[in-house]
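Chain by chain, the residues:
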Amino acid sequence: MTEHSTELDLELLRTGEADPAIARHVAGCAQCRDRLARLERDARALAMPLAAIEVPAECDRAILALARRRAGFVAEQLERRRRPRWLRPLYAAVPLAAAASIIFFVTLQRGAQAPQATAPLAAAATGDINRDGRVDIVDALLLARALKSDQPHDPAWDQNRDGRVDQADVDRIAQAAVSLQRRHP
Amino acid sequence: MAPSDERELVARANQGDAAAFEELYRRHRDWVVGLAWRFVGNRDDALDVLQETFAALFDRFPGFALTSSLRGYLYPVVKHRCISLLRKRRRVVAIDEARTARGDLAGELAWQPDPPGEFAEIISALPAEQREVVRLRFALDLKLEEIAQALAIPTGTVKSRLHNALKVLLKVV
Chain A
1 MTEHSTELDL
11 ELLRTGEADP
21 AIARHVAGCA
31 QCRDRLARLE
41 RDARALAMPL
51 AAIEVPAECD
61 RAILALARRR
71 AGFVAEQLER
81 RRRPRWLRPL
91 YAAVPLAAAA
101 SIIFFVTLQR
111 GAQAPQATAP
121 LAAAATGDIN
131 RDGRVDIVDA
141 LLLARALKSD
151 QPHDPAWDQN
161 RDGRVDQADV
171 DRIAQAAVSL
181 QRRHP
Chain B
1 MAPSDERELV
11 ARANQGDAAA
21 FEELYRRHRD
31 WVVGLAWRFV
41 GNRDDALDVL
51 QETFAALFDR
61 FPGFALTSSL
71 RGYLYPVVKH
81 RCISLLRKRR
91 RVVAIDEART
101 ARGDLAGELA
111 WQPDPPGEFA
121 EIISALPAEQ
131 REVVRLRFAL
141 DLKLEEIAQA
151 LAIPTGTVKS
161 RLHNALKVLL
171 KVV
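In order, the protein sequence lines correspond to chains A and B.
So for the first sequence, our numbering puts the first residue at 1; every next one is plus one.
So for the second sequence, our numbering puts the first residue at 1; every next one is plus one.
It should be emphasised that the hints constitute simulated quantities derived from the structure, not laboratory data.
Among the hints, erroneous ones may be present.
[Said to hold, decoys possible] Partial list, computed: chain A residues near chain B (C-beta under 8 Å): (1) 6; (2) 36; (3) 37; (4) 42; (5) 63; (6) 65; (7) 66; (8) 67; (9) 71; (10) 74; (11) 94; (12) 96; (13) 174.
[Stated by the list, open to error] Anything over 12 Å on all C-beta distances counts as not near chain B; from chain A, calculated: (14) 76; (15) 98; (16) 126; (17) 178.
[Said to hold, decoys possible] These stretches of chain B come out as covered by chain A in the derived footprint (C-beta under 8 Å, 3 or more residues): (18) 37-48; (19) 127-134; (20) 146-158.
Beta carbons are placed, not taken as given, at the ideal position from N, Cα and C, and that holds for glycine.
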């Protein structure tokens, strides 16, 4: 390299960003070395270190808390992304399945606790609507309640065999219950 | 190119490492608040910009890619936050560059004093685009690539502006 270095070359040499060929030239060129020395002096004069601003501890704490929250968020995001794609629907399905199971079992349990008058009554023709082995006023009440509800009427509830399930059947059971009670006080 | 340990910190932060987030803050806190002070000229505003700048930086994770140094990335963030803050507070005062050495960077910002003496006058006389490169180079000690990133211009343009500014500076002084 025979030409002298430009100001830009020298400036880049000053900060270690110059091409090695420039460094070699300056090392062997007194004029460029002088110019570099002057540039270094000027750069020192131009340098204005940033003012030291005291940062209050609460400001540090607030920003560091933000940093930790963001780190937690990032970790969570990555964890979600790491789950196999084909499994992702499963993660959504599991809570739904759990909810469905709970609803199912609760419904089942309620059904088991419901009066037997709501179930098909094979033994109801005898007046034993709740099939507890005896005919009493409870059977009459259950049948009366069933008539008021919208549930379909079981033909076996037809106590007087008139082809209808109605209040007369309730009365018949009630009458039978009272008679039985009289006979077996 | 960013220092390898800085790239490593960014990589760890991208994995949700809280210690890496904290280290990024501790390393660049003083530089950011000092730079903000240069733009806005008072401590309280500089502290506001400090918080906003790091909140904006943290929001870039995960997936933050460091192309140069973090300072090169942070410079425009700080600058634009300062502009927004000054606009919001309606404290922008037109600065007559012929009478003051402060000058402005974006037609909005003040720059707290340049070096005293003959350089101040020369710097203020430079075209705005050269002046900003000179300040980034000498006052903030940024490398060419960092300046290119900070100003979102090609490295060749940085070289050109710096070269022209140096010719003036070294000829006049």
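To see whether the hints hold, each was checked on the structure:
1. At a threshold of 8 Å, the smallest CB-CB gap from residue 6 of chain A to chain B is about 7 Å, leaving the interface hint in force.
2. Because the smallest distance between the Cβ of residue 36 of chain A and any Cβ of chain B comes to about 11 Å, over 8 Å, the interface hint for this residue is violated.
3. Look at residue 37 of chain A: its Cβ only gets to about 12 Å from chain B, farther than 8 Å, so that hint breaks.
4. Of the supplied interface hints, the one on residue 42 of chain A holds, with its beta-carbon coming within about 6 Å of a beta-carbon of chain B, less than 8 Å.
5. For the restraint placing residue 63 of chain A at the interface with chain B, the shortest Cβ-Cβ distance is roughly 5 Å, inside the 8 Å limit, so the hint holds.
6. Hint status for residue 65 of chain A relative to chain B: violated, with the closest Cβ pair at about 10 Å, above 8 Å.
7. Checking residue 66 of chain A against chain B by beta carbon gives a least distance of about 6 Å; that is within 8 Å, so the hint holds.
8. Because the closest C-beta pair between residue 67 of chain A and chain B is about 4 Å apart, less than 8 Å, the hint holds.
9. Taking 8 Å as the C-beta cut-off, the interface hint given for residue 71 of chain A holds, the closest approach to chain B being about 4 Å.
10. A distance limit of 8 Å between C-beta atoms decides the matter here; for residue 74 of chain A the minimum to chain B is near 4 Å, and the interface restraint holds.
11. A least Cβ separation of about 24 Å between residue 94 of chain A and chain B goes past the 8 Å threshold, and the interface hint is therefore violated.
12. Nearest Cβ of chain B to the Cβ of residue 96 of chain A: about 29 Å, over the 8 Å cut. The hint is violated.
13. Below 8 Å, beta-carbon pairs count as interface contacts, and residue 174 of chain A has none with chain B, the closest being about 74 Å; its hint is therefore violated.
14. Non-interface status of residue 76 of chain A relative to chain B is broken: a Cβ of that chain comes within 12 Å, the nearest being about 8 Å off.
15. Its beta-carbon lying about 28 Å from the closest one in chain B, residue 98 of chain A satisfies the requirement of being farther than 12 Å from that chain.
16. With a minimum CB-CB distance of about 72 Å to chain B, residue 126 of chain A clears the 12 Å threshold, and the non-interface call stands.
17. The non-interface label for residue 178 of chain A is consistent with chain B: the shortest C-beta to C-beta separation is roughly 78 Å, beyond 12 Å.
18. Counting residues of the region 37-48 of chain B whose CB falls under 8 Å from any CB of chain A gives 5; the rule of at least 3 is met.
19. Counting residues of the region 127-134 of chain B whose CB lies closer than 8 Å to any CB of chain A gives 1, so the stated coverage by that chain is violated, three being the minimum.
20. For the region 146-158 of chain B, the stated coverage by chain A is violated: 0 residues have a C-beta nearer than 8 Å to a C-beta of that chain, whereas at least 3 were required.
Of the hints listed earlier, those the structure fails to meet are numbers 2, 3, 6, 11, 12, 13, 14, 19 and 20, in rising order.
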